[in-house]
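S.K.: Read off the chains here:
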Amino acid sequence: MKKFGVAAIGDSGPFDLASNILDLQNHELDEQLSIFQVKLVEFAKQHNKELRDVPQFRAKFMRMCSAIGIDPLSLFDKNSHLFHIDDFYYQICVKIIEICRNTKDVNGGVISLEELHVNYFKNMNIEMEDIQKAIEMLTPLDGGFELFTIRKKEFLRSVPNELTDDQTKILEICSILGYASITLLRANLNWKKVRSQSVLDGMLTSGLLWIDSQSSDGEDLYWDPSWIIKLE
Amino acid sequence: MSVATPQIYKFPPLYTPQTNKLIRKQQLQTWESIILQSCAQLSKWCIGRNGKVYNQATGELLLSIFENEEIQRSCNIEFQQEIWAFMLQNGTALQLKEFEDSNMMAILWESLDSWSSTILEWCETSGKLNQVITIYEICQSDENSSCKFYGMPTSFCLLVLQRLVDCHRATLLKDQGKVVGVKIV
Numbered sequence: 005m006k007k008f009g010v011a012a013i014g015d016s017g018p019f020d021l022a023s024n025i026l027d028l029q030n031h032e033l034d035e036q037l038s039i040f041q042v043k044l045v046e047f048a049k050q051h052n053k054e055l056r057d058v059p060q061f062r063a064k065f066m067r068m069c070s071a072i073g074i075d076p077l078s079l080f081d082k083n084s085h086l087f088h089i090d091d092f093y094y095q096i097c098v099k100i101i102e103i104c105r106n107t108k109d110v111n112g113g114v115i116s117l118e119e120l121h122v123n124y125f126k127n128m129n130i131e132m133e134d135i136q137k138a139i140e141m142l143t144p145l146d147g148g149f150e151l152f153t154i155r156k157k158e159f160l161r162s163v164p165n166e167l168t169d170d171q172t173k174i175l176e177i178c179s180i181l182g183y184a185s186i187t188l189l190r191a192n193l194n195w196k197k198v199r200s201q202s203v204l205d206g207m208l209t210s211g212l213l214w215i216d217s218q219s220s221d222g223e224d225l226y227w228d229p230s231w232i233i234k235l236e
Numbered sequence: 002m003s004v005a006t007p008q009i010y011k012f013p014p015l016y017t018p019q020t021n022k023l024i025r026k027q028q029l030q031t032w033e034s035i036i037l038q039s040c041a042q043l044s045k046w047c048i049g050r051n052g053k054v055y056n057q058a059t060g061e062l063l064l065s066i067f068e069n070e071e072i073q074r075s076c077n078i079e080f081q082q083e084i085w086a087f088m089l090q091n092g093t094a095l096q097l098k099e100f101e102d103s104n105m106m107a108i109l110w111e112s113l114d115s116w117s118s119t120i121l122e123w124c125e126t127s128g129k130l131n132q133v134i135t136i137y138e139i140c141q142s143d144e145n146s147s148c149k150f151y152g153m154p155t156s157f158c159l160l161v162l163q164r165l166v167d168c169h170r171a172t173l174l175k176d177q178g179k180v181v182g183v184k185i186v
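These protein sequences, in sequence, are chains A and B. Here the first sequence is numbered in my numbering, starting from 5 and rising by one per residue. Here the second sequence is numbered in my numbering, starting from 2 and rising by one per residue.
Just so you know, the hints here were simulated from the structure itself, not pulled from any lab data. Small disclaimer: the values here were computed from a predicted structure and weren't measured. Positions of the beta carbon are idealized from the N, C-alpha and C atoms, including for glycine. There may be inaccurate statements among the hints.
Label pairs and their calculated CB-CB ranges [what the hints assert, rightly or not]:
#1 A:165 - B:7: 41 to 51 Å
#2 A:90 - B:62: 53 to 63 Å
#3 A:196 - B:62: 38 to 48 Å
Simulated coverage check for chain A against chain B, where a stretch passes if three residues somewhere in it have a Cβ under 8 Å from a Cβ of chain B [to be verified]:
#4 202 to 211
#5 215 to 223
#6 227 to 235
When you get a sec, could you build the whole thing from the sequences and use the hints?
M.R.: In structure tokens, the structure reads:
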């Protein structure tokens with residue numbers, strides 16, 4: 005094909021040129037943005053006191069941060085008490101509530117703290133203790149958030165219905181292999197079939213467990229969705 | 002060629018339709034994203050209704066998405082249908098006319114709009130504007146092998162080009178009712 009104008013210079017000439025310029029621009033923009041972010045964090049550290057004392061200033065500052073894509077959580081420096089230390093935990097609280105609402109349809113409102121930490125908070129330098137403290141701060145809200153322990157592992161329940169003893173026991177069994185079944189319940193807890201079946205069915209309905217009808221021995225298995233993060 | 006799948010792909014109950022309505026919806030969404038991700042990773046635009054993807058040249062089975070041998074679980078036909086119905090409804094899968102017999106689905110891991118702008122961008126940067134180019138040149142030509150749309154099936158490409166026609170950026174040239182080329186302006 006005969007080429008005219010600039011295209012005649014070289015085969016890949018104009019193509020490379022255009023993409024080079026675009027790349028360069030992208031790169032520059034990225035750089036500028038990251039410099040700006042660093043400056044903003046610096047600014048926040050310098051004017052920490054004012055930020056802490058003047059709520060209006062703080063709100064405006066936060067809005068600016070979110071506009072250029074800085075998660076307010078990443079601005080907090082726990083040790084140097086950037087802002088007020090409580091704000092740090094309030095932000096975590098908000099995040100936790102958000103996560104619980106988003107994952108409610110998968111796990112029926114029960115999430116393990118491990119999952120919270122690994123999936124959502126780890127890359128923000130937030131420790132398990134911080135999460136626990138934030139959850140404590142949620143209690144006065146009376147929103148039904150509650151911690152409970154199954155075999156030394158902590159779980160957060162974000163739906164207001166209380167777990168019965170039977171349900172807790174089943175979750176205990178689930179924390180060993182990931183699932184429970186009527187046979188397992190009979191072997192471990194000596195439950196009759198009727199009892200196991202009715203509790204398991206109830207938990208299916210409320211979304212606490214997922215059913216699996218393809219096990220090798222033909223028995224229905226009831227899986228705990230918090231097992232998902234343990235799968236390789 | 003293997004695909005990276007999310008952890009939930011190894012969760013046995015994912016292959017059994019859940020009874021709880023909310024969870025079932027979540028489950029369908031999970032399947033949708035697994036299918037979209039896998040097709041994107043393999044750069045495949047079409048997948049069989051049975052979830053199988055073959056290498057066109059060698060006929061080798063690349064992926065059978067509804068079967069997970071590792072944990073011995075698979076989705077039954079009814080559930081597969083339900084997943085497709087869900088995706089058709091969401092517009093993330095399409096039943097292409099010429100595929101109806103062969104049970105193939107087109108997967109939109111990127112929307113038609115986004116594909117059309119990718120092709121437009123390519124035309125602009127490679128100086129293909131205002132000249133007639135064939136569909137083959139866009140999808141199969143070796144000089145485009147690094148492009149995202151390299152290997153796109155013709156019928157799929159026509160859908161994308163139709164988008165450009167709709168916004169008056171392209172004209173399709175037809176010969177005996179068959180599209181032979183396109184001019185993008």
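S.K.: Now, for every hint given, state plainly whether the structure supports it.
M.R.: Okay, the hints, checked on the actual structure:
1. A:165 - B:7: 41 to 51 Å: Between residue 165 of chain A and residue 7 of chain B, where Cβ atoms are some 29 Å apart, the hint is violated.
2. A:90 - B:62: 53 to 63 Å: At roughly 57 Å between Cβ atoms, residue 62 of chain B and residue 90 of chain A fall inside 53 to 63 Å, so the hint holds.
3. A:196 - B:62: 38 to 48 Å: holds, 47 Å
4. 202 to 211: Coverage by chain B holds here, the residue count being 4 at a Cβ distance below 8 Å.
5. 215 to 223: holds (count 6)
6. 227 to 235: holds (count 6)
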